[in-house]
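Here the structure of chain A is known, so what remains is to put chain B in place on it, guided by the hints.
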Amino acid sequence: MKNVIKVKNLSKSYDEKEILSNLSFCINEGDIVAIFGPNGCGKTTLLNILSGINEKTSGQVKIKTFDEKKFSYIFQNYRETLFPWRNNYENIAFPLHLGKIEEEEVRRKVVEMEEIFSFKANLGLYPYQLSGGQQQILAFMRALITEPSFLFIDEPFSALDYGNNLLMRTHLQKYYKKYKPTILAITHDIEEAVHLANKIIVLSKKPAGIVEIIENNAPYPRGTDFLNSKQFALTKKKVLLAFQNGAYS
Amino acid sequence: MKKNFLIGVILFFAIWWVVAAVHLLDAFFLPGPIEVLIELFTLLANGSLNLDIYVTITRVGLAFLIATLIGVPLGLLLGASTKVYESFEFIIDFFRSLPATAIFPLFLLVFGIDDSSKIAVAAFGASLVIIFNTAKGVMNSKQSRHIAAKLMGASKLQIFKNITFWESLPQTFVGIRTSVSLALIVIIVTEMFIGTYAGLGRRIIDFQYIYNIKGLFAVILLTGIIGYAINMAIVLIEKKVIHWNGK
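Chains as they are written, first to last, in the working numbering: chain A, 1 to 249; chain B, 250 to 496.
Extracted from the complex, chain A is given alone in its bound form (with noise of 0.2 Å):
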């Protein structure tokens, strides 16, 4: 596997105070890595610095055939990010119509991607007259659309409730084993974070660093009967022992 993102040293202070402190590490082609740490310790701000919407203070990043074509980010204010003059099925499309592609190609990924998130609300309706949990669902349509080499989540089902999450966590999971995107996703949901990604990384509190970089290995696609395996109790264990280090050490 070759290291698509490397990270050295990176910090980040606003103000002279240091929100980011020395981290490293780096994240292999095909990755499904999740962010983990308390609240308000930097996560955001190091996804942003990542997809260069931030600037870091120092340090290096490194990310291989980086191209914002082929680059994806969900905020997590995912519903101020979509446009509500524009209906569903133009929403899922403005990627692709960005770059003139013929309407009959979009139109045909516009339902692999229906199908990939069994959505089924109405294209032809606008945003708003979605549920908080199928605005989200047409956020991840939209960014996956282009097929991106890259995907930034942040905080990524966050609007679910819990059988809604499951069921997102298998699109994407069945979205992963199609075009095998590196996926970096922040979640505050240890479950969630255990259930999806093969690397965790636990941040500490502000300023964070590193506390503990998690490996994960079980097969894809992981369905529900893994939340039950010994190796997601065992991984679950580890990574909140991490967090208990980093959080109040």
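It should be emphasised that the hints constitute simulated quantities derived from the structure, not laboratory data.
Everything numeric in this text was worked out from a predicted model, so none of it was measured.
Misleading hints may appear alongside valid ones.
What the hints assert, rightly or not - Simulated coverage check for chain A against chain B, where a stretch passes if three residues somewhere in it have a Cβ under 8 Å from a Cβ of chain B:
1. 76 to 89
2. 93 to 101
To be verified - If you only want the chain A side, here are some residues facing chain B, beta carbon under 10 Å, derived:
3. S51
4. G52
5. I53
6. F71
7. S72
8. Y73
9. F119
10. P127
11. Y128
12. Q129
13. R142
14. A143
15. T146
16. F152
Said to hold, decoys possible - Calculated Cβ distances over 10 Å to all of chain B for the following chain A residues:
17. K8
18. T45
19. Q173
20. K199
Ideal Cβ positions, reconstructed from N, Cα and C, are used throughout, including at glycine.
Relative to the frame of chain A, chain B by itself:
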């Protein structure tokens, strides 16, 4: 139409009727609503106001059209850059604070004494309101959508066309609604005090000079109804165009 609309209408005429009935003001100078409505229907039925209505609405329509065609693109352009807007802010705010009718003599010098000076001064005042609101709409548009589109690979022009323009629309409509009312006010005032062959403003001042008080109130009432109708028409268009507003 809203459910409580009729309550407002009834209240308006009831207060007027009470004030007139108890002779709070001299009955000669404030006729009751029934007399005024009868006078209005008579004037409308015999067609003596037709030309005035046509002329005033045409002037307001042209002023509003010119103001929108100038105000919206200019507002979008100024709002796109905070630095550019700040450079023009003083000029916009200065003229916005100044009653448009006060600079009418200047417009008379440039456009002459015919209709064009009246339309120009109304368009000038109305366009400033549209420029100000459109620019504010652009400047206050949500950054999260801009960042999301940028990360999807959208160019600056694509972001402007697909996001900034749409984000600014609710505020632009606030400007459009205010500007049409302003255009009507300026046109009526110029018709009243600057010479013209026809117009509702001219009718108001003529009726005042000959002490036709019922006629005077009938035209005032008609002007109010026209202003209200134009405002409602814009609200309907606004609801259709910016269907997502407030949702």
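Checked hints:
1. 76 to 89: holds (count 6)
2. 93 to 101: Coverage by chain B holds for the stretch 93 to 101 of chain A (4 residues, Cβ < 8 Å).
3. S51: Holds, because the Cβ-Cβ distance from S51 of chain A to chain B comes to roughly 7 Å (cut-off 10 Å).
4. G52: Holds, about 8 Å.
5. I53: holds (6 Å)
6. F71: holds (7 Å)
7. S72: holds (7 Å)
8. Y73: Holds, about 5 Å.
9. F119: violated (19 Å)
10. P127: holds (8 Å)
11. Y128: Since chain B brings a Cβ to about 4 Å from Y128 of chain A, closer than 10 Å, the hint holds.
12. Q129: OK, holds: Q129 of chain A within 10 Å of chain B, min 8 Å.
13. R142: holds (8 Å)
14. A143: holds (9 Å)
15. T146: holds (8 Å)
16. F152: holds (9 Å)
17. K8: holds (24 Å)
18. T45: Check passes; 14 Å lies beyond 10 Å.
19. Q173: Consistent with the label, Q173 of chain A stays out of reach of chain B, its closest Cβ about 24 Å off (over 10 Å).
20. K199: holds (23 Å)
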